[in-house]
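Participant: Sequences and hints are given; from them, build the entire structure.
There are 2 protein chains.
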Amino acid sequence: MKKLGMEHPESVADHSYRTAVMAMFVSDARGLDTGKAVRLALLHDLPEALVGDAMPEERSGKRKTDLETKAMEEILSELPHRSRLLYREAWLEYVEGKSEESRLVRQLDKLEMAIQAWEYAHESGDPSKAGEFWVSAKEHIQDEELLVLLSQVEP
Amino acid sequence: MKKLGMEHPESVADHSYRTAVMAMFVSDARGLDTGKAVRLALLHDLPEALVGDAMPEERSGKRKTDLETKAMEEILSELPHRSRLLYREAWLEYVEGKSEESRLVRQLDKLEMAIQAWEYAHESGDPSKAGEFWVSAKEHIQDEELLVLLSQVEP
Numbered sequence: 003m004k005k006l007g008m009e010h011p012e013s014v015a016d017h018s019y020r021t022a023v024m025a026m027f028v029s030d031a032r033g034l035d036t037g038k039a040v041r042l043a044l045l046h047d048l049p050e051a052l053v054g055d056a057m058p059e060e061r062s063g064k065r066k067t068d069l070e071t072k073a074m075e076e077i078l079s080e081l082p083h084r085s086r087l088l089y090r091e092a093w094l095e096y097v098e099g100k101s102e103e104s105r106l107v108r109q110l111d112k113l114e115m116a117i118q119a120w121e122y123a124h125e126s127g128d129p130s131k132a133g134e135f136w137v138s139a140k141e142h143i144q145d146e147e148l149l150v151l152l153s154q155v156e157p
Numbered sequence: 003m004k005k006l007g008m009e010h011p012e013s014v015a016d017h018s019y020r021t022a023v024m025a026m027f028v029s030d031a032r033g034l035d036t037g038k039a040v041r042l043a044l045l046h047d048l049p050e051a052l053v054g055d056a057m058p059e060e061r062s063g064k065r066k067t068d069l070e071t072k073a074m075e076e077i078l079s080e081l082p083h084r085s086r087l088l089y090r091e092a093w094l095e096y097v098e099g100k101s102e103e104s105r106l107v108r109q110l111d112k113l114e115m116a117i118q119a120w121e122y123a124h125e126s127g128d129p130s131k132a133g134e135f136w137v138s139a140k141e142h143i144q145d146e147e148l149l150v151l152l153s154q155v156e157p
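Here the protein sequences line up with chains A and B, keeping their order. So my numbering is basically just the index in the first sequence, starting at one, shifted up by 2. So my numbering is basically just the index in the second sequence, starting at one, shifted up by 2.
Think of the hints as simulated: they come from the structure by calculation, not from any bench. Check before you lean on any hint, since a few could be wrong.
[As the list claims (entries may be wrong)] Stretches of chain B that chain A covers, calculated by requiring three or more beta carbons in the stretch to come under 8 Å of a beta carbon on chain A:
1) 13-24
2) 30-37
3) 40-46
4) 83-94
Positions of the beta carbon are idealized from the N, C-alpha and C atoms, including for glycine.
Facilitator: Listed below in structure tokens is the structure:
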């Protein structure tokens, strides 16, 4: 909203939906564990329901992770014990990026952001507005196939 | 938008996101195939990207399914062969409701709609507005646990 001056940007759920569809598609195509990949994609921004979205310069690194982990614990505290354990483990797997599925979803999160920024910037008539989002995505994506997709939305 | 007189209702992606989270949660809790359940939830309204959302009195039954199946074929035609087969099969599984996962997601689709209508109606100060949505959900839900949830959003 701030960086693109938009009144009605996508919701966090819109972003998570498309990230989850991309996770499903890539995971299915690569024979990964789709249940796991999509679980991580559906959960990855759930803490924002409590702490809101933030720009990297406002909140990043360990402070962001700690804040979101605390929010996730609060959300999960409403769940039955066994579900709580499963989703807590999934969340930690996501933030630590220790599995192929979690590394994939972490990169898709950035790719989806860059694609969405590209779409908004084009609608606004000033594609350069998406530059900052694209550079941030570029810094976080190593997967070669995803880099090809990212190159297609270069501002 | 028409029935609740809303300017900025949830997007189809918002609805699909929450349906997918519910599918993940129930599927995980019941030991079903979460990858499959979430795949069906993520795909179930994708045809609306082409044919739009419609009210039941505008489009329902076989005509709705045929139109959506055609739209799904069009969307899937962009994909590699193997992915196309996988998602075509998933779509048919969803519309035919032949697996436990597909019957679950079909009911969650209605439950999510009823919950969302309830939330909107409460925000608008006239809870009765959600009545029609609730009755429609009630007609389609047989699962006992989901009926308990539905009873909690009775207008």
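Participant: Each hint: holds or not?
Facilitator: Evaluated hints:
Judged by the Cβ-Cβ criterion of 8 Å, the segment 13-24 of chain B is covered by chain A as claimed, because 8 of its residues qualify and three suffice. Only when three residues or more bring their CB closer than 8 Å to a CB of chain A does the claim for the segment 30-37 of chain B stand; here the count is 5, and the claim holds. Residue count for the segment 40-46 of chain B with a Cβ under 8 Å from a Cβ of chain A: 3. That meets the three needed, and the coverage hint holds. With a threshold of 8 Å between beta carbons, the proposed coverage of the segment 83-94 of chain B by chain A holds, since 3 of its residues qualify and at least three are required.
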